[in-house]
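> Given these sequences and hints, build the entire structure.
Counting from 1, one number per residue, gives the positions in the sequence shown under the numbering used here.
What the hints contain is simulated information worked out from the structure, not anything from laboratory work. Warning: the hint list may mix true and false statements.
Dumping the calculated BS3-like pairs for lysine-lysine here, alpha-carbon to alpha-carbon at most 30 angstroms [stated by the list, open to error]:
hint	residue 1	residue 2
1	LYS8	LYS49
2	LYS49	LYS18
3	LYS30	LYS18
4	LYS8	LYS18
5	LYS8	LYS22
6	LYS22	LYS49
7	LYS49	LYS30
8	LYS30	LYS8
Label pairs and their in silico Cβ distance ranges [said to hold, decoys possible]:
hint	residue 1	residue 2	range
9	ARG10	TYR53	31 to 39 angstroms
10	LYS18	GLY41	32 to 40 angstroms
11	GLN56	GLU24	17 to 25 angstroms
12	GLU59	LYS8	28 to 36 angstroms
13	GLU29	PRO7	14 to 22 angstroms
Yeah, the Cβ is synthetic: ideal placement off N, Cα and C, and Gly gets one too.
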Amino acid sequence: MARDLGPKCRVCRREGMKLFLKGERCLTEKCAIERRSYPPGEHGRGRIKQSEYLLQLRE
1 MARDLGPKCR
11 VCRREGMKLF
21 LKGERCLTEK
31 CAIERRSYPP
41 GEHGRGRIKQ
51 SEYLLQLRE
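Have a look at this one:
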């Protein structure tokens, strides 16, 4: 099984909720989801509507 060594705060922002992947940092005001509540990426602020297919994949 592979380990996810990538940016953990980006995963929280993509999901739109705190996943507490960084432990205590998620409880402070330095948490990325509190600073930038939009998804990561170049077009992060523009993406609002999620398709049915995306919702099935996220389950």
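> Are the hints correct? Go through all of them and say.
So, going through the hints one by one against the coordinates:
1. LYS8 to LYS49: Holds: LYS8 and LYS49 sit about 23 angstroms apart, inside 30 angstroms.
2. LYS49 to LYS18: Holds, at about 20 angstroms.
3. LYS30 to LYS18: 12 angstroms, holds
4. LYS8 to LYS18: 11 angstroms, holds
5. LYS8 to LYS22: Status holds; Cα separation ~7 angstroms.
6. LYS22 to LYS49: 28 angstroms, holds
7. LYS49 to LYS30: Holds, because 27 angstroms separates the two Cα atoms, which is no more than 30 angstroms.
8. LYS30 to LYS8: With Cα atoms ~14 angstroms apart, LYS30 and LYS8 stay inside 30 angstroms; holds.
9. ARG10 to TYR53: 31 to 39 angstroms: Taking Cβ atoms as reference, ARG10 and TYR53 lie about 22 angstroms apart, which means the hint is violated.
10. LYS18 to GLY41: 32 to 40 angstroms: 19 angstroms, violated
11. GLN56 to GLU24: 17 to 25 angstroms: About 34 angstroms separates the Cβ atoms of GLN56 and GLU24, which means 17 to 25 angstroms is violated.
12. GLU59 to LYS8: 28 to 36 angstroms: 21 angstroms, violated
13. GLU29 to PRO7: 14 to 22 angstroms: With a Cβ separation near 19 angstroms, GLU29 and PRO7 satisfy 14 to 22 angstroms, so the hint holds.
Violation of the numbered hints given earlier is confined to hints 9, 10, 11 and 12; the remaining hints are satisfied by the structure.
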